[in-house]
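S.K.: If you want the building blocks of each chain, they are given just below.
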Amino acid sequence: MNTFEKLRRKRSRSYTLASLPLVIFTIVFVLGPMVYMVILSFLTRAESWGVVAEFTFDNYADILEPVYLESAVQSLKLAFTTTIIVCAVGYPFGYFMAKLPEARRRLCVMLVMVPFWTSSLIRLYGWMIILRANGPLDSALMALGITDAPLKLLYTYPAVLAGMVYALLPFMILSVYSSVEKMDWSLVEAARDLGAGAVRAFLTVTLKLTLPGLMTGIILTFVPSMGLFFIADILGGNKVVLIGTVIQEQLMKVHNWPFAAALSVILMAMTSAMIILYRKVTGSKELEGAI
Amino acid sequence: MKRRFRASSVYLLAVLALMYLPIVVVIVYSFNSSDLSSVWGGFTLDWYRELFRDRAMGEALRNTLVLGVLSSLSAAIIGTLGAVGLPRSRIVGKGAVEYIAMLPMMTPEIILGMVSLAFFSLLALPFGMLTLFLSHTAFCIPYVYMQVKARLIGLDPSLTEAARDLGAGESRAFFDITLPLIMPAISSGMLLAFAMSIDDVVISVFMTGASVNTLPIKIYTMLKTGVTPKINALCTLMFAATILVVVAVSLAGRRKTKR
Chain A
1 MNTFEKLRRK
11 RSRSYTLASL
21 PLVIFTIVFV
31 LGPMVYMVIL
41 SFLTRAESWG
51 VVAEFTFDNY
61 ADILEPVYLE
71 SAVQSLKLAF
81 TTTIIVCAVG
91 YPFGYFMAKL
101 PEARRRLCVM
111 LVMVPFWTSS
121 LIRLYGWMII
131 LRANGPLDSA
141 LMALGITDAP
151 LKLLYTYPAV
161 LAGMVYALLP
171 FMILSVYSSV
181 EKMDWSLVEA
191 ARDLGAGAVR
201 AFLTVTLKLT
211 LPGLMTGIIL
221 TFVPSMGLFF
231 IADILGGNKV
241 VLIGTVIQEQ
251 LMKVHNWPFA
261 AALSVILMAM
271 TSAMIILYRK
281 VTGSKELEGA
291 I
Chain B
1 MKRRFRASSV
11 YLLAVLALMY
21 LPIVVVIVYS
31 FNSSDLSSVW
41 GGFTLDWYRE
51 LFRDRAMGEA
61 LRNTLVLGVL
71 SSLSAAIIGT
81 LGAVGLPRSR
91 IVGKGAVEYI
101 AMLPMMTPEI
111 ILGMVSLAFF
121 SLLALPFGML
131 TLFLSHTAFC
141 IPYVYMQVKA
151 RLIGLDPSLT
161 EAARDLGAGE
171 SRAFFDITLP
181 LIMPAISSGM
191 LLAFAMSIDD
201 VVISVFMTGA
211 SVNTLPIKIY
221 TMLKTGVTPK
231 INALCTLMFA
241 ATILVVVAVS
251 LAGRRKTKR
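As you go down the protein sequences, you meet chains A and B in turn.
Each step along the first sequence adds one to the number in my numbering, with nothing skipped, and position 70 is 70.
Each step along the second sequence adds one to the number in my numbering, with nothing skipped, and position 255 is 255.
For the record, the hints were derived by calculation from the structure and aren't laboratory data.
None of these values were measured; they are calculated from a predicted model.
Check before you lean on any hint, since a few could be wrong.
Beta-carbon label-pair distances, calculated as ranges [claimed, not checked]:
#, chain 1, residue 1, chain 2, residue 2, range
1, A, Lys152, B, Glu50, 28 to 34 angstroms
2, B, Phe52, A, Arg13, 54 to 60 angstroms
3, B, Tyr11, A, Leu69, 37 to 43 angstroms
4, A, Lys152, B, Arg55, 34 to 40 angstroms
5, B, Ser187, A, Arg279, 25 to 31 angstroms
For every residue, glycine included, the Cβ atom is placed at its ideal position computed from N, Cα and C.
Chain A with its partners taken away, still in its complex shape (with noise of 0.2 angstroms):
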């Protein structure tokens, strides 16, 4: 009994060791700045530079400014609209897929999966080229005679928001698809059997089953989505304000840190509350088919 206990111990101090390079560097590079944010966000902007140790609540105050409140409100209004697109169009596209015949359904994750891979940012220049003025698109348009003039639609919100969905939609798509896979369809083939329609056997086992696939792509959309500064610069030019954007130019135009700091923490606490919400109606501490 005692050398099994001693033998535990000394296997736990190597399981210990060998986890130490996590704990410091999370200690030192995740945990220390973001509690020097926390700090940060309640602290006095020095005259020209840096930062005075005064503490002030000031930060917090100006957010409620109309130019910011109006950047959180769009940012969460372009969030919710993207996550809400995102999932109709993905969670569809997951399903059919998982439901594809073996050979073709490898097939069609290779081509979900080569847009993910491919860098963001050639996918939004695509898009740019698209949607510019006098673009495919309008010379599309135009010659089939749906619009007379161009649209002109780079540079405006639905521009923002197509590349936004675009950039999400992989990610929903292969929560979903992951989900749908392992799901044990005798379940649903049992409602059926004892008289449910498929609609009602779709929305009370199979949407249920697959409701951790379902979140997890929710919150792969919703908290990037909320951060994404470059695609509301590039597609929407200054027209569209998100909360990143002023974040980023707080930090590197205005030089203005602790206000920064505290957007960031309202920012933090509005992607936190996404995951807790996750985390109550799942049940469930971990992003299932997370990739």
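Since the structure of chain A is already known, use the hints to place chain B on it.
M.R.: Just chain B now, with coordinates in the frame of chain A:
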């Protein structure tokens, strides 16, 4: 039944077509001799020639690759050791450590960029490859950790127990049994981390100093300020490289499952 299947195929094809549309457009325009993207002026390879002459571009590419390899490699080491060790260690608050280590995957990138910028300037670190490397490693670790952890949970514990019963020491059992079994998870996590690193814009924007450029940053600035058709050629080459990697990986995966 058969008709419904066909309708779903049409849907899949339509979405896939939309996914590839912008990429196809970029490729087509990379051979366009007119430098106005709205006009087709005939086939040319000039943009590729001009691209290869651009030395700054070559340096940005080298930086990107070096950064991707270094940060995904160190993430693989730190993440794997952590995923194996942490759950069985006697560290106080290991649940909290795990949660914080996974945070970079669950926070918007801009926050990571912001906090790293503030923190590294507090430490007075010079901005450049070092800060890029540290921040990239931080957001690469979760990808490896999650993959390895999931794989370890699915592992049959009797395998290592058998090895230990047969007299293998702690490290011998790890290197001979556990490591080969979790290798696929390590490599797929690392590949994912590498892809994230070489494609990162948001965090890198804050981490690059005045002197260092990565390819995504360079493209980003070009897209914002002024585009030359050279960028079409660059994007086409990057896309070709991506396809090669994806095909190679999926072929390797298929051979493994067949065996």
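S.K.: Decide, hint by hint, whether the structure agrees.
M.R.: Hint check:
A C-beta distance of roughly 30 angstroms is found between Lys152 (chain A) and Glu50 (chain B), which places it inside the suggested range of 28 to 34 angstroms. At roughly 55 angstroms, the beta carbons of Phe52 (chain B) and Arg13 (chain A) sit within the given window of 54 to 60 angstroms. Checking the proposed 37 to 43 angstroms range against Tyr11 (chain B) and Leu69 (chain A) shows it holds: the Cβ atoms sit about 40 angstroms from each other. For Lys152 (chain A) and Arg55 (chain B), the Cβ-Cβ distance of about 37 angstroms falls inside the hinted range of 34 to 40 angstroms, so the restraint holds.
Ser187 (chain B) and Arg279 (chain A) have their C-beta atoms about 30 angstroms apart, which keeps the hinted 25 to 31 angstroms range intact.
The earlier numbered hints are all upheld by this structure, with none contradicted.
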